[in-house]
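Student: Now for the letters of each chain:
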Amino acid sequence: MIESKNKNKIVFKNARIIDPHSGFDDKAGLIVQNKVIKDFGKHLFKNDNIDDALIIDCHNNILCPGFIDLNANIGEPGEEFKENVNTASDAALASGITSIVCMPNTNPIIDQIPIIQYIEKRAKETNGVKIYASASITKNLEGEKLTEMGLLLEAGAILFSEANQVIKNTKVMRQALTYAKNFDATIMISPQDPDLSKNGVMNGGALANKLGLPGIPKVAEILQVERDIRLLENTGGKLHFFNITTKEAIIAIENAKNKELNLTCSTAPHYFTLNETAVDEWKTFAKVFPPLRSEIDREAIYNAVINDKIDIISSHHTPQDQDSKRLPFEQAEFGIIGFETLLPISLDLYFNGKMELIKLIDKLTYQPAKLLNLNSGKLKIGSPADITLIDINTPHKLKLENMISKSKNSLFDDYDGKGKILYTIVDGRIVYSDPNFKKSAEKK
Amino acid sequence: MHALDKWIKDNSISRKILANNLNISIASLSRYLSGDRIPKQEIMEKIISYTDGKINPSNFYIAKNNKNNNFSEYRKDHLLGIEDLKESEISSLLNRADDIIRENRIEPTVNQKYRGKTLVNLFFEDSTRTKTSFELAAKRLGIDVINMQIETSSIRKGESLLDTAMTLNAMQPDILVIRHSLSGTPHLLANKINCGVINAGDGQHEHPTQALLDALAIRRRKKRIKGLNIAICGDIAHSRVARSNIKLLITMGASVNLIAPSTLMAEGLSDYGANIFNNFKDGLNEVDIVMILRLQKERMQGSYIPSAKEYFKFYGLDREKLSLAKSDALVMHPGPINRGVEIDSELADDINRTLILEQVELGVAIRMSVIEHLINNLEHKND
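Line by line, the protein sequences are chains L and R.
Counting from 1, position 238 in the first sequence corresponds to residue 240 in our numbering; the numbering is continuous, with no gaps.
Counting from 1, position 313 in the second sequence corresponds to residue 314 in our numbering; the numbering is continuous, with no gaps.
Check the hints yourself; a few may be wrong.
Under the rule of at most 25 angstroms between Cα atoms (straight-line distance), these lysine-lysine pairs were calculated in the BS3-like manner [claimed, not checked]:
hint, chain 1, residue 1, chain 2, residue 2
1, R, K7, L, K212
2, R, K193, R, K77
3, R, K193, L, K410
4, R, K193, L, K285
These stretches of chain R come out as covered by chain L in the derived footprint (C-beta under 8 angstroms, 3 or more residues) [to be verified]:
hint, segment
5, 177-191
6, 202-212
Rather than coming from a laboratory, the hints here were simulated on the basis of the structure.
By construction, the Cβ of each residue, glycine as well, lies at the ideal position given by its N, Cα and C atoms.
Looking at chain L on its own, in the form it has when it is part of the complex (with noise of 0.2 angstroms):
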């Protein structure tokens, strides 16, 4: 899958070009030498005379930074029959994404220097996907003790995170915002208060109650919003809320970022495309961390992408191997994955939703890089050569045994897409291509 082949320049042409960040949407080429951005333009739209470089005819595609997944699950360390670096690398590739967030609750979790380490080493060894590893805000997950942040931020963490958890003791959360402003890191919390959601494996109500399984109650999301948003506002500091699934959380943040608190949101593509109906008769790929909600609040989470109220798009991959779904629900692992769905599924927005492909693009490149302060996620010269080329037209039928992912954990076999990756290029250097497309591309 990945080339060892590194070529210094390449020149693409015939492209329509999506930069979010400089708002450039047009016919154009682009030149990468060197791992970075060397120029792009309309000027380079048909250029043939360049004979040192690598020419990639991208067939009027549409050639954008590479996606930045804000959170992902990738195995590793601890579950590495589910999932590992490389089986991660090669699927997040396949599917546009050249960076990605791993989340701290691995085993052993990420709330210590050497976890950081042992992961930057993987990914090196690798040479793929950028992985940047997020730490755990307190140690061990446990909600008590702050972790060491500017030392774990210094080895390289991105920011910090309790995974699906969120910090139950208020007194703790309120610290870890405060001290967090130190360093200027950010804080991202999946909201669901832990009491309402103890024991729940589905969205509560009737249809939960019809199954017979115990729910997590959509307050229970909306009580964590508020509280958290209540102590941003009195401590300051930047947090990030993901997985946001519920309607009434949608207005409490957008009530939130009015008060020009630093506070940003994301969602996975699961939420605005599938509601809790999914689950039917206790389907465990349907279940899922936070749970699938109602119709109601899917179709708000919808449309608070197409209206710019959900900053980022995110995967939140999470890969679970069939011994761990093949179970009564209650016991199975909650998770879906979500690397190669997260473009076909995420167009529904721009082909249905009249949602102007420039801006989703942007919640999957630029937004992400700007909260995590990242200089890729733009199409910018000098910036380093993170780049896909998808196509957005032809029939893409997603199947379940094509996925690239080790666990094939997903609801959306057999979904009729669009969105194929033609290319995807990390720091200059081509790490996916289309076998087929690549034949016509390369032609001199």
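Dock chain R against the given chain L, drawing on the hints supplied.
Tutor: Same frame as chain L, but now just chain R:
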């Protein structure tokens, strides 16, 4: 056509003459001809000699078997829940149970038809009544019963469930009866095992044979279900019995009132057409049947209910509260009873007002009916 009916026609006599000559009533003869009953030994001998041996006992057993097969509207391989069952399917299961009760009381015989069949009782949760009831039902049908011992320690390990399924498959049972603390487990096993699966209670989801036997008890006493007002009281939120009963009774045309403190009421049950009440006074008005649910001990103290004392005061059934219902209203309880918590002890023992012991007795018949239906359906499927 019954061979005896054909004989009557061929010999140009009437049923009435035949009945007179055999010294039996026309009604009895009709029941033999419809396959409802098998003649007793002495009558059987009379028939054989009267027809010069043209008619023999096997003719009556064939009629009976045909009747069973044609009788049934219930065509499913499993009984996983009441959800999605049609009125005709429920009636079919109840009607057969009624027949079984009549047969058992009049002519108790061990049925030869199911010899060699195997039923496995797979109980992951403690149960005395349901497990014994299934065992007795199977034995009355001449079916071999295996009670699987499930070690408590392995219950929590999910892996063991599918391993158990594989082991069971190798034993090739005909019927698997399963009870599990997690909802959906029988459905999971039904997909993995090649036999009829009966849900004997899954988590807080369903307990279909309990609902069927409750319906049978009601129908036998009140002669109908349609049009009755039935109140279900107690821990609705955590009760699989309640869920199955609500679906069944509403499907059969009853009006159902649910009465529970709001911490024990479940959202969404009004979608089935049930009426929701938080007190007895409103909920018991004009009610024909009061079903009381068991309140689990661990829920009596804490956030659901402050104390058993308070619960009994407001939600325990006693004669005073029962007087709010119709004067001939009957009381039911799936057992085991917490005396003095959900029902007054003396009231629970009043056989004129309660159906509690009858419920246990009818449980065997309903389970025989379900087992027979599934075995017949599976055999027809293999044909």
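Student: Identify every previously stated hint that the structure contradicts and give their numbers, smallest first.
Tutor: 1
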